[in-house]
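Going by the working numbering, the sequence shown opens with residue 2, and the numbers climb by one from there.
Since the hints were made in silico from the structure, they are not lab data. Predicted model, so just to flag it, every value in this text is computed and none were measured. Don't take every hint at face value.
[Stated by the list, open to error] Straight-line C-alpha distance at most 20 Å; calculated EDC-like pairs for lysine to aspartate or glutamate:
#, residue 1, residue 2
1, LYS106, ASP24
2, LYS106, GLU95
3, LYS44, ASP66
4, LYS130, ASP31
5, LYS80, GLU95
6, LYS69, ASP33
7, LYS82, ASP66
8, LYS78, ASP49
9, LYS82, ASP107
10, LYS171, GLU121
11, LYS168, GLU121
12, LYS56, GLU85
13, LYS63, ASP49
14, LYS168, ASP178
15, LYS69, ASP49
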Amino acid sequence: MILVGLTGGLATGKSAVARLFQDCGAVLIDADILARAVVEPGKPALRDIVRSFGKQMLLPDKSLDRHKLASIVFRNKAKLKKLEAIVHPRVAREQAYLTREIAKKDPHAVIIYDAPVLIEAGAHKRMDKLIVVSADRETQIKRLRNRNHLTRVEAIRRIQSQMPLAKKIKLADYVIDGTWSFEQTKHEVQRIYSELQRLT
Numbered sequence: 002m003i004l005v006g007l008t009g010g011l012a013t014g015k016s017a018v019a020r021l022f023q024d025c026g027a028v029l030i031d032a033d034i035l036a037r038a039v040v041e042p043g044k045p046a047l048r049d050i051v052r053s054f055g056k057q058m059l060l061p062d063k064s065l066d067r068h069k070l071a072s073i074v075f076r077n078k079a080k081l082k083k084l085e086a087i088v089h090p091r092v093a094r095e096q097a098y099l100t101r102e103i104a105k106k107d108p109h110a111v112i113i114y115d116a117p118v119l120i121e122a123g124a125h126k127r128m129d130k131l132i133v134v135s136a137d138r139e140t141q142i143k144r145l146r147n148r149n150h151l152t153r154v155e156a157i158r159r160i161q162s163q164m165p166l167a168k169k170i171k172l173a174d175y176v177i178d179g180t181w182s183f184e185q186t187k188h189e190v191q192r193i194y195s196e197l198q199r200l201t
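Using the sequences and the accompanying hints, generate a full structural model.
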């Protein structure tokens, strides 16, 4: 079994790359899905968020108001760190559990752990290999504005809340350019997947 971290900047095309790895036969663990699961109503993480940020973080149905929380943490690095301290350890435990379960079923699995803030959370140290998906800043801003309906200032603020891509690239075993054509990207993913399979 090999555990591969997949990360990059916001709106670099990481999710598309993750799907291509799945098409090759890799097993995908999505940190965003885990992060949503750990803050569901009744979960300790949601109670901690309410304790730290106030009851106004809840929607009428008692679920987390992600939009409101995002508008607060992406303006304030200290508050973002506070949120990450609540969510990241719980996501890490879920990821470790899922990895063990997958390895039991398939000892030769190539597991792709797709996590936007993998390096910021220190989780890259637990990975066997690291893939970074990159894109130029203007492409990121344009995609983020279209996808999340943000202003240019909001898009830049979100991009700047993460570690600079150049720093992530220095830690990577593989770099995939998220602005390549679909065919180019598919070809590169297949090449990397074949290499990873040989390592299991």
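Structure-based check of all given hints:
1. LYS106 / ASP24: holds (19 Å)
2. LYS106 / GLU95: holds (17 Å)
3. LYS44 / ASP66: holds (15 Å)
4. LYS130 / ASP31: Holds. LYS130 to ASP31 sits at ~16 Å (cutoff 20 Å).
5. LYS80 / GLU95: Distance of about 23 Å is beyond 20 Å: violated.
6. LYS69 / ASP33: Satisfied, since the Cα-Cα distance of roughly 17 Å is no more than 20 Å.
7. LYS82 / ASP66: At roughly 18 Å apart (the allowed maximum being 20 Å), ASP66 and LYS82 satisfy the hint.
8. LYS78 / ASP49: Status holds; Cα separation ~18 Å.
9. LYS82 / ASP107: violated (36 Å)
10. LYS171 / GLU121: Measuring from Cα to Cα gives roughly 14 Å; hence the hint holds.
11. LYS168 / GLU121: holds (11 Å)
12. LYS56 / GLU85: This hinted pair holds, its Cα atoms lying about 18 Å apart.
13. LYS63 / ASP49: holds (14 Å)
14. LYS168 / ASP178: holds (15 Å)
15. LYS69 / ASP49: With Cα atoms ~16 Å apart, LYS69 and ASP49 stay inside 20 Å; holds.
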